[in-house]
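Please work from the sequences and hints to get the whole structure.
In order, the protein sequence lines correspond to chains H and X.
Its first residue numbered 0, the first sequence is counted upward by one per residue in numbering that gives the first Met the number 0.
Its first residue numbered 0, the second sequence is counted upward by one per residue in numbering that gives the first Met the number 0.
Treat the hints with care, since some could be wrong.
[As the list claims (entries may be wrong)] Derived DMTMM-like pairs (lysine to aspartate or glutamate); straight-line CA-CA distance at most 25 angstroms: (1) H:K145 <-> H:E186; (2) H:K145 <-> H:E67; (3) X:K29 <-> H:E240; (4) X:K77 <-> H:E311; (5) X:K93 <-> X:E16; (6) H:K80 <-> H:E151; (7) X:K93 <-> X:E48; (8) X:K77 <-> H:E5; (9) H:K145 <-> H:D158; (10) X:K77 <-> H:D83; (11) X:K77 <-> H:E318; (12) H:K101 <-> H:E5; (13) X:K29 <-> X:E82; (14) X:K29 <-> H:E244; (15) X:K29 <-> X:D161; (16) X:K77 <-> H:E308; (17) H:K101 <-> H:D76; (18) H:K220 <-> H:E318; (19) H:K220 <-> H:E186; (20) H:K220 <-> H:E209; (21) H:K101 <-> H:D148.
It should be emphasised that the hints constitute simulated quantities derived from the structure, not laboratory data.
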Amino acid sequence: MSLRVESFGLLTTLQDLGRRGFQHLGVGPGGAMDEVSHRLANLLLGNPAHAPTMEMTLTGSNLLFETESLITLCGADLSPKIEDQPVPLWRPVLVRAGARLKFGRPVQGVRCYLAVEGGFRIPSVMGSASTHLSAGFGGFQGRALKIGDRLETGPCPGDRYPTLRQRFHQGQRPFLGPGWFAPWSRELDFIQPATLRFTTGPQWPLLTGESRQSLLETVFKVAPNSNRMGIRMQGPRLSLEQPLEMISSGVATGTLQLPPDGSLILLMADRQTTGGYPRLGEVASVDLPKAAQLRPGETMRFSTVSLEEAQELLLRREERFRDLEQILADQQTR
Amino acid sequence: MPTQPPAPAGASTLRVEALGDRALLVILGKGIDPGVNDQVHKLAALLRERRLPGVHDLVPAYATIAVHYDPAVWSGGKVPPHEALRREILRLWKSAGSAPLPNPRLVEIPVCYGGAFGPDLAEVAALCALSEEEVITRHTAVSYRVYMIGFSPGFAYLGGLDATIAAPRRATPRTAVPAGSVGIAGMQTGIYPLASPGGWQIIGRTPEHLFLPAQEHPCLLNPGDRLRFVPIDAEAFQACAVEGP
Chain H
0 MSLRVESFGL
10 LTTLQDLGRR
20 GFQHLGVGPG
30 GAMDEVSHRL
40 ANLLLGNPAH
50 APTMEMTLTG
60 SNLLFETESL
70 ITLCGADLSP
80 KIEDQPVPLW
90 RPVLVRAGAR
100 LKFGRPVQGV
110 RCYLAVEGGF
120 RIPSVMGSAS
130 THLSAGFGGF
140 QGRALKIGDR
150 LETGPCPGDR
160 YPTLRQRFHQ
170 GQRPFLGPGW
180 FAPWSRELDF
190 IQPATLRFTT
200 GPQWPLLTGE
210 SRQSLLETVF
220 KVAPNSNRMG
230 IRMQGPRLSL
240 EQPLEMISSG
250 VATGTLQLPP
260 DGSLILLMAD
270 RQTTGGYPRL
280 GEVASVDLPK
290 AAQLRPGETM
300 RFSTVSLEEA
310 QELLLRREER
320 FRDLEQILAD
330 QQTR
Chain X
0 MPTQPPAPAG
10 ASTLRVEALG
20 DRALLVILGK
30 GIDPGVNDQV
40 HKLAALLRER
50 RLPGVHDLVP
60 AYATIAVHYD
70 PAVWSGGKVP
80 PHEALRREIL
90 RLWKSAGSAP
100 LPNPRLVEIP
110 VCYGGAFGPD
120 LAEVAALCAL
130 SEEEVITRHT
140 AVSYRVYMIG
150 FSPGFAYLGG
160 LDATIAAPRR
170 ATPRTAVPAG
180 SVGIAGMQTG
190 IYPLASPGGW
200 QIIGRTPEHL
210 FLPAQEHPCL
220 LNPGDRLRFV
230 PIDAEAFQAC
240 AVEGP
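What follows is the structure, encoded as structure tokens:
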């Protein structure tokens, strides 16, 4: 099984759930920005959650399927089409050998995840297939995908969705998906302004009263220089009562940093492992996929959440993933 | 080498804060202090050895340890996951008693100073009113503490620079500094593990690879190590560079 990249996307990389166990060496976690879409894409194909997917940003990469493939697209709607027919998201899709998947106008969201049955065959570096862009390792040769790259996929059992496969082989269509799709709207609603709940951090009480109020009542915009390292906010300048000199300390994905210029940064997948800016808090893990799907100029607001509730929300999301896995396991044999 | 007596076992200064819903921050003190940093590496070693379930990353810094974990593994008890793990960390720290610090490794880093490898050596010497040889002597005379690794893969925050060779950053950062470059910036000295832009005064370069992602041990330096720079000439640099990893 293989496919070939036929056009440049803005930024198309291979990602998985990220690198674990190397942060003490300065190697950040990386991995899919929108963990929910990445996981759903794999789940729909029966791939393990950590199988690498292709993360496309705003403009997709056109792909030629050299062999028949079972694929899934989850996350942003970047108008995927095969032979001018729209390819549905959030469900398994069988694609005929020789079919070309093309992308058009971004309709909703930023990051679209393509999973293939069997996963992309990519060597794991430091326990992960995620592309570490700044250090140039992992993923496909340590870089974003470009025209001419050929990706091999792992072995496919070929026995998933037998009914769908049968219908597909009886017909002539270039691709075929089922009428159902995975429920995703509880995890990702694409509503704006997105509400990001955060647990307050050690420097939250040091903000001026006015800044605390601004943070909780203003709608912030995603700045154009946002990337996989962090989402930069455009909004009111926030300030501490007194300037604070800090020494470097560990940070997390979701940390809200306040650099001296007063513009908030939300640390994302390709963040550094340590930071020295004041920490206003951490966005709840369950809300990070929503943040990952906001494009420059789109909006969000912030509200506080207790640590207990943030963890409870995360545990409940994991339950929903487990339930869905069970439903799909039943579905796949049908 | 601690300049202060280490904090007593089970130091009352230990605090554990949340770092969001998937990490805790263990705080052992304030500021850049060898005694506090010793305690950081002692506790980090202990937590690493105990392989706490669901804990996948331990990130020691100057005075803190970030503990990244999966809350699901710590759920189901009487207290919420963050509290369950916090209690376990406090318990381990108390039980550590007066256990000695693990012996730090001493890593020697060969450096070819000056010339093309250290284009700013002359400027640093001039700024410090010393000869180039004297700057090299003072840079290689001490052993440095690897307080922490962060910023970028394999970048070590070193402590122990001789104050007489502290030099300000370059007014204009270089757009490209080669991997292995050894620099000074204020009271900091360090090695660029990867080629990158940079504003430090570059006084030399090591042929050693500080970060090799494909290796089982990708970093030459670990947090808590001691480091000494050893001067080598250009010939030795080439020989070492050719040998490769």
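Holds or violated: K80 (chain H) to E151 (chain H), with C-alpha atoms at most 25 angstroms apart: holds (22 angstroms)
Given hint E311 (chain H) paired with K77 (chain X) - CA-CA distance at most 25 angstroms: holds (14 angstroms)
Satisfaction of hint between E244 (chain H) and K29 (chain X), Cα-Cα up to 25 angstroms: holds (12 angstroms)
Given hint D76 (chain H) paired with K101 (chain H) - CA-CA distance at most 25 angstroms: With Cα atoms ~12 angstroms apart, K101 (chain H) and D76 (chain H) stay inside 25 angstroms; holds.
Pair hint K77 (chain X) and E5 (chain H), alpha-carbon separation not exceeding 25 angstroms: Status violated; Cα separation ~55 angstroms.
Agreement of K29 (chain X) and D161 (chain X) with the hint, judged by alpha carbon distance not exceeding 25 angstroms: Distance of about 22 angstroms is within 25 angstroms: holds.
Pair hint K101 (chain H) and E5 (chain H), alpha-carbon separation not exceeding 25 angstroms: holds (9 angstroms)
Distance restraint between K145 (chain H) and E186 (chain H), which requires alpha-carbon spacing of 25 angstroms or less: violated (31 angstroms)
Given hint E67 (chain H) paired with K145 (chain H) - CA-CA distance at most 25 angstroms: Satisfied, since the Cα-Cα distance of roughly 22 angstroms is no more than 25 angstroms.
Holds or violated: K220 (chain H) to E186 (chain H), with C-alpha atoms at most 25 angstroms apart: The given pair, whose Cα atoms are some 21 angstroms apart, holds under the 25 angstroms limit.
Hinted pair K77 (chain X) and D83 (chain H), Cα distance within 25 angstroms: Violated, because 56 angstroms separates the two Cα atoms, which is more than 25 angstroms.
Restraint status (C-alpha distance of K77 (chain X) to E308 (chain H) at most 25 angstroms): Roughly 15 angstroms between the alpha carbons, so the hint for K77 (chain X) and E308 (chain H) holds.
Going down the numbered hints, you'll see the structure goes against 1, 8, 9, 10 and 18, while the others check out.
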